[in-house]
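Start from the sequences, fold in the hints, and give me the full structure.
These protein sequence lines are chains P and C, in that order. Just so we're aligned, residue 1 is where the first sequence starts under our numbering, counting upward by one. Just so we're aligned, residue 1001 is where the second sequence starts under our numbering, counting upward by one.
Incorrect hints may have been included.
[Said to hold, decoys possible] Once the Cα atoms are required to be at most 30 Å apart in a straight line, the calculated DSBU-like pairs of lysine-lysine come out as:
hint, chain 1, residue 1, chain 2, residue 2
1, P, Lys2, P, Lys203
2, P, Lys5, P, Lys95
3, C, Lys1013, P, Lys20
4, P, Lys265, P, Lys5
5, C, Lys1102, C, Lys1086
6, C, Lys1102, C, Lys1013
7, P, Lys95, C, Lys1086
8, P, Lys61, P, Lys203
9, C, Lys1086, P, Lys20
For the record, the hints were derived by calculation from the structure and aren't laboratory data. Computed from a predicted structure; not experimentally measured.
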Amino acid sequence: MKLFKRKIDTLIAVAFVTFKEWGAYRTHSMVSIFVGPVYFAAQYYIWTAVYGGSGELNGMKLAEMIRYFGASALIGYLVMDFAAWNLNMLVESGKFLTFALRPLNHRFFAFSQKAGHRLLGFVLEFIPCLILFALLFKVDMRPAYAGWLLLSVVLAFLMNFFVNYCLGMFSFWFVHSGGIRMVYGLFSSVFTGMLIPLVFFPKPLQVIQLFLPFQYTAYVPVMVFLGRYSLGGITLPIPAIVGIQAVAVMTVFVISEIMYRAAMKRFTAVGA
Amino acid sequence: MKKLLAIYKTCVKTALNRAAAYRLNFILSFLITLGSNILFPLVTILIYNSGASFPEWDFYEVLLIQAVFTLSHGLAGIVFNEVLWKTMLHIREGSFEIVLLKPLTPLFFLISTSFEPEFAGLLIGGGVMFGIAAAHTGIASALAIGQFLLLFAAGFAVMAGINMMMAATSFKWVGNSRIPEIFESVKNFGKYPAAVFPQIIRGLAAFIIPVSMIGFFPAGALLGRLDLTAFIAILPCFLFMLIGIWLYNHMIRLYEGVGG
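Below is the structure:
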């Protein structure tokens, strides 16, 4: 219990400092207030034209599609992550040594940093864009199941962090892990469902996504927001897909734990 | 002019030699650029595969717009992409004096030392897309090729202007790596048939921030689907580039040398 309280205190302290630190560079986050609605406007008009007179495409109505893109943009602000880049930079420069010497697990420190950074994102990106989507584009941004959505977003937040941290840990072996990050980024941009709902992909590709981490960071929470989930011809009730998402997060957590222990043994503090 | 061309030629040779020296990094970057390029028309492919379409535009016509957009992007990437990042780095580190002390105009020095062969991946990918699309749509006439080249040059001027403006912004907005996102979001309106967007956005995309000239108008020329708007929009494109150059040179005055 004492350990848990200490962890929470540390998390709050690091998150608060990160919030204040990035708050000084708030315009960096506030770029989203322009970029988010502009991207959304493009999607809005493109999909309105594409739907034309047709009622449904791959089981989605136009209003649902617009809500899909609104929710995916907003959820993107909540779960965005840069742990891989940050860890890569620390290992490459040798600065990771300063963290290795601290009586604190770096993964937990990085997680606390992300919490603070995304709290700032919530204030400066999520809320303004939510207001703009609702007022300017008259999009109904009320979730179908608020409780399940909250849980799914938290799981997506964790999933994105653990995956990115694992990618960053490749630096302990390869030093320059930028290429791995770029390749992951390439696949992630397509298969998270941010670009287009995954139900538009050929069926075999949809089925593969059930076993990969990508959909759990965006597509799943967005579908929970819409109130129904289907992929690869499989339709699941919301509690079931959120449960699967939780199992996926646990799996990636275990992988990251194994990698972290191996990485700590390998770290030489030399940098590149 | 001859001297400037000789300097640019030397810088290009140096960039190519550097790419040859670090060939693994070059090949990786090249392949990733090529890979991301393959993904660019993905949304269009998936839309048409699902049985939907953009009204009055078939798949290969839309692909042609996106191929031309990619070609313009690739060409501008080779020539200008690094200008923003180099300017931003110098300003953040307070080392822009190194550029100011050179016996050349700062903008020319940065452009000539920013040649980036990795972006050839975009040119090749765009070229393949262009070939596939044009083979299906056909080209309206010989005159259409001339019109295409003129409009493509205007689109390249827009890309140059955008790059200059982004770099100029970094003098005031120190170290903001999200500046390109602002312009990237606006460029979305040049990747699709203009008829998709409302009149006001079409007007803005044709004359104010003329992103329609990057992809839509030149492709429209090849397809014989142009109206007078495209030709009227040529002048704003070159004006846009001149404003970009003027803005960059103006913003240099704001440089304080303190980093950030």
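Exercise. Against which earlier hints does the structure fall short, listed by number upward?
Worked result: 1, 3
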